[in-house]
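For reference, the chains in residue letters:
Protein chains: 2
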Amino acid sequence: MRKYGRFTIPTQAGFAGETKELIRRWGADAIRNSDGTDLTDETASLGPAKIYATYFVARGYNAFAREHPEERQRIFLMSCRHTAVGAEVSFPIMEGYFDQQLEPDYDWDPEHNWEVRDRTRGTVVSHEYVSIKRESGTVTIQKTVPGHVYTLSFPAFINWDPTQMYNYITNDWKDRERDIPFDAHGELSWAYMKTALSHWLAQNPQVDVVRFTTFFYHFTLVYNTLKKEKYVDWLGYGAAVSPGALIGFEKEYGYKLEPEDFVDEGYYNNSFRPPRQQYLDYIEYIQRFVCERAAQLVEMVHEAGKEAMMFLGDNWIGTEPYGKHFQKIGLDAVVGSVNSGVTLRMIADIPHVKYTEARFLPYFFPDSFYPGAHPEVEAMENWLGARRAILRSPVSRIGYGGYLSLAAEFPAFVECVEHIAGEFREILDTIEGQSPYAPLTVAVLNSWGELRSWQSYIAAHGMVYKQTYSYLGVLEALSGMAVNVRFLAFSDIVENGIPEGIDVILNAGDAGTAFSGGACWKNETLLERLRMWVWNGGGFIGIGDPSAYPYQGRYLQLSDVLGIEQERGFTINEDKDYTKPVKVHFITEDVTEPIDFGECRRNGYALTPDCEILEYSHEEVRLGAHAFGKGRGVYIAGLPYSSQNTRLLLRSIYYAAGREKDLYRYYAQNPCCEVHGYRSCGKYALVNNSMEIQHTKFWDGAGAERTADLAPGEIRWMETEEA
Amino acid sequence: MRKYGRFTIPTQAGFAGETKELIRRWGADAIRNSDGTDLTDETASLGPAKIYATYFVARGYNAFAREHPEERQRIFLMSCRHTAVGAEVSFPIMEGYFDQQLEPDYDWDPEHNWEVRDRTRGTVVSHEYVSIKRESGTVTIQKTVPGHVYTLSFPAFINWDPTQMYNYITNDWKDRERDIPFDAHGELSWAYMKTALSHWLAQNPQVDVVRFTTFFYHFTLVYNTLKKEKYVDWLGYGAAVSPGALIGFEKEYGYKLEPEDFVDEGYYNNSFRPPRQQYLDYIEYIQRFVCERAAQLVEMVHEAGKEAMMFLGDNWIGTEPYGKHFQKIGLDAVVGSVNSGVTLRMIADIPHVKYTEARFLPYFFPDSFYPGAHPEVEAMENWLGARRAILRSPVSRIGYGGYLSLAAEFPAFVECVEHIAGEFREILDTIEGQSPYAPLTVAVLNSWGELRSWQSYIAAHGMVYKQTYSYLGVLEALSGMAVNVRFLAFSDIVENGIPEGIDVILNAGDAGTAFSGGACWKNETLLERLRMWVWNGGGFIGIGDPSAYPYQGRYLQLSDVLGIEQERGFTINEDKDYTKPVKVHFITEDVTEPIDFGECRRNGYALTPDCEILEYSHEEVRLGAHAFGKGRGVYIAGLPYSSQNTRLLLRSIYYAAGREKDLYRYYAQNPCCEVHGYRSCGKYALVNNSMEIQHTKFWDGAGAERTADLAPGEIRWMETEEA
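Protein chains in written order, with our numbering: chain U, 457 to 1179; chain F, 457 to 1179.
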């Protein structure tokens, strides 16, 4: 077993000796700096390690930014909502926003870009009734209708990069420059970006890998007056707007984007919103722009004999690694933060790069590394979650971040990481390049499809919300499950039909969101194709409010497939005759404790006696299955992540696909355990995903049954018995 | 105290002696028969009691009905939904319906009245692709689109009165005729109805009161193949349709009603559906028709020297006692079944009659009167619920129904009814004609307004559903609360503004229903008027999904008034900064146990720091208050009926109205107790609404504080101290 490689360690100035020791123990072959830490001359002396250097393209050059304030980055903001109670309403434009981050742009085509809306009527208020006072920073709207709500949309300059601002405030920096982001759409800025990189490359011969953090535009992150997050959208294109972008867009698409196209009633096109065509056009435009220009920078890096790596985060907007322009950038690698199976897959599945790298938790920061803490517990939990996903689709490398000196004070943690690094290398050496056993393919169906593979239900990256955990659990379960996973958009089906090779289609989300689909479920082509596909043998799993859109007498449009409808008040008058759960069922065979449906979408009921009710409580069906022609539908009211729910989903997939008899291959009966088979190398791994000892029956790839006792977190490699 | 009067007892043949004794003990001054029991000659001999006779107008004359089958009553039905999987779909027209109750009407303008709809596309399918086969009772639709859902709408004859059918099946009748309802819109039927009544009046001189059960059209109640309720709408006008009605309607309104106007996607315009104009026009038309013709029958009763009483139920459609045509009928009295404060008020508040009568529970049937049963417990609970309401708005009389002989076997029950009858007479003798102390007026705002006072959230009469109990609790609380209650429609406000004299407006219901309001909340006039009314000092209480309609960046349109919005997935990106409940608050001052929000509408959050959070759990605001100008909003996630919730609502009302300081008049601190003041007669009643002993502080009308210990269910009459 190799004791070296596939591992990146952070630098820390003045810690060279200890760093060397940790490099040895963890087998690190690369060393990196980060925002706020510098690569020192020491770094190069630390041994065989490759050197990664963080590089900022669009910030960190304040002298330039200050000389060209018109090329600062911009964002459209919406003011607070104000209810008029008389014929005039007046309020501060920047109310609620942090004025050190944001500054109104009064001069960029205010006739078009400054827009007052009557939010009660849904109309634009004529400029003749709007006066903007720069000195006081207020807007006054005249001829208001008492009882109507008004907002002002306006463009603002971003005077402080949001991530630098976060680090600045969190670390209580005092003497640093505040980074002003400048805009690649500005010709001076773009020229400067290239020149600056060129100089930097020349000045940093010791660097092997340029770690772009990232390219041009930060995801949407605006702060409130308390310097706290006011609005965050890790996928948001709000801060990619500029005069150049709008002109370029209009030239290409033949229509002009309006402030409301960005402001979107104040929802700013967050990814829960079913996307409108204008927004899809706009992000497509930005992606093309970003990828083309990023490609030029990467080309410079390559010419300097270095590798180009991209951090998936911060200023990543427009790169969309699963989008159709990403390949053009020509990156060697992508690195990203990983705190779950889903975030691991989000990195690992990225196509068109030579390698991927996962930055694991915990960060070596005092919040996890304090006297008496056990950071090795968090590290192990994080590892076990990620390991499931790695066994399906491995990243090429792993690493950690933060202050090494802090980590070094926790010997158990140091040992734990040594163990993780070893286990990771063992896995990679065994499975890299192999296709794991996955007899079924599941397609996750939502508004975003492949473009945002593994990126559903995100507001802030890696954060779980009350409204998302019952769906994120589905993706987390899938991230380490022995099935192939694809992401499919409603528009894919409408335009091209359901692709070959899919066994089960899964739709999970709250009604009206982009993840459930909203008005997409009125599209008859979508419904025709899905229904007939299931009728002819496909499986459809609906979680939460699947296919929810009130139309023509149904709320769940695929209720004929699912056998389940939701009571929303309009069918109280109908008798609900079918309420009796079946006694045993394939799907619930491994269930040992009450099923956790999380937020649990309410009021499901069975429409017909042939709906198999698998869980009925609180006068509602929470789990049901239903035959539809040769296919099947399965309804689940919500599915937070747990071993039991992962098993429930796996069995639902087999059931929906009508493949129950095939389950007992590479299968462990105990839901805390899983089996991953790699036929081409003749091996399989029996894993214990829990931190407790587990006993389980399991079946190998030939279907032979055995039992095993597994240590906490154990991974046991075995040879396959079959040819 | 009078020991006699205001009480109606049911007849039972061959039970004369015991009946006399019960008449004496209960002080009955009226005796009645019911469906399936006859008035015998004995009846007249039973003493001074008035005699009520049940009279059926539109059924019970089967010879006539059979002679004129074209004048049977009709209803539009929608078939089951069928998903086409090929180019043709075929199914039994009557699938799911009970063929002894319903029979397709193939001949009534089938080109117009038989309609196949593509429910996926939302369009009508041309008749050229539809073939109806009478012999087999099937429909075949050709040129179907695979994956589309189809329905057939069609008119059907009602061959069996649904109430008689219910009694027939429940009592296992065998040798009786099945009553065929005939239609007052048919000229022969109408003539026959008058003649039959005329004969009957002549033949029944002993009858004092003709108890119409009821007039012409039964509420919508259709049975399934198991002879169980398939669809029930106590307020439904489905069975009032006929060729005559449609012709008359078109003549008057200038447009033709379509099958879909009745079928309504399969929801049949139940009262949870925000009513469309066609339906409002149609029920207005039927009301006018029913009231005009019923008036003629009542006139005949009066001419015969008898009183006319109407049962509020069964064939009551079109009478709408709170509608603008009811007065025309000229009834002397209305009687109805009472199982709660709400149903009591539904009877007691009816205008334009001389008296009202409540038929109390339990019925003297074996389900409550079996060996070892304690029907007196149910009777007492029923009484205590109704008593609260009687103290606010009394019915004139009470009574029971069922088999007297059964009741007589339960001495404790007989005694209990004696007690109830006495207490009722005492209350009535004290308060009849008085206005109880009610310093505040609450208006319940929904789509139906005054027309359906106390009739919100009903599917079957008196039934409580999972989707309704959290709102019915509001009405139940109000039914016995020391406030005036009005019912207001959205259209009232839009057309005429908010009436004078209202202190608090209350909107309670699930999003999208007629009770919350659905798309009404897009109406800017409604919003202008409500907002400005609150701004100028009014109170607005929202329960469940108040003012819910997704539009222009808000889900709760009055979120500026309430200070609360609901997270529906589109504002996950916004920080929710305000989550800390206030420590003490006027509204929750009497709360002693965790508040029960019932079904509890989810995901409420505070928009601003000035929102007073009164309950925060499961990461959501479930109770909040908010100042808006001189007025206030209060948000409650749901409010099932309980003493504590009633108190919570009372305090919310005082708080919303800004009248906190006025609460301590005629007020008991213990939420199980209430005080009802009658200033004009100088008395007040301190009541214990519970069946346990209660101790309470209380305040009289002058605000003087005392304490009392009250026996279970006690009502204690006291003299007011003030002038």
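In short, the hints are calculated from the structure, not lab data. Please note that the accuracy of each hint is not assured.
Note that identical chains are pooled: a pair holds if it fits in a single copy or bridges any two copies.
Here are the simulated SDA-like cross-link-like pairs (lysine to any residue), alpha carbons at most 20 Å apart as the crow flies [unchecked claim]:
| id | residue 1 | residue 2 |
| --- | --- | --- |
| 1 | K922 | K1036 |
| 2 | K683 | T1048 |
| 3 | K1086 | V601 |
| 4 | K1039 | G858 |
| 5 | K712 | W1173 |
| 6 | K1032 | Y921 |
| 7 | K1032 | L907 |
Problem set entry | Intra- versus inter-copy proximity for W1173 and K712 (alpha-carbon distance at most 20 Å) | So K712 and W1173 fail the 20 Å test inside a copy (59 Å) and across (76 Å) alike.
Exercise. How would you classify K1032 and L907 at a CA-CA limit of 20 Å: within, between, both, or neither?
Worked result: Neither way: K1032 and L907 sit 41 Å apart in one copy and 29 Å across, limit 20 Å.
Exercise. Taking 20 Å as the upper bound on the Cα-Cα distance, should K922 and K1036 be classified as within, between, both, or neither?
Worked result: Between. Shortest inter-copy distance 17 Å satisfies the 20 Å Cα cut-off; intra-copy 30 Å does not.
Exercise. Which holds for K1032 with Y921 at a C-alpha limit of 20 Å: within a copy, between copies, both or neither?
Worked result: between (33 Å within a copy, 11 Å between copies)
Problem set entry | Intra- versus inter-copy proximity for V601 and K1086 (alpha-carbon distance at most 20 Å) | For K1086 and V601, only the inter-copy Cα distance (19 Å) is at most 20 Å; the intra-copy one is 59 Å.
For this session: Evaluate K1039 and G858 at a C-alpha cut-off of 20 Å and name the case that applies: within, between, both or neither.
Result: neither (53 Å within a copy, 41 Å between copies)
Exercise. When no copy is specified for K683 and T1048, does a C-alpha distance of 20 Å or less occur within a copy, between copies, both, or neither?
Worked result: neither (47 Å within a copy, 39 Å between copies)
Comparing the model with each earlier hint shows violations of hints 2, 4, 5 and 7; every other hint is respected.
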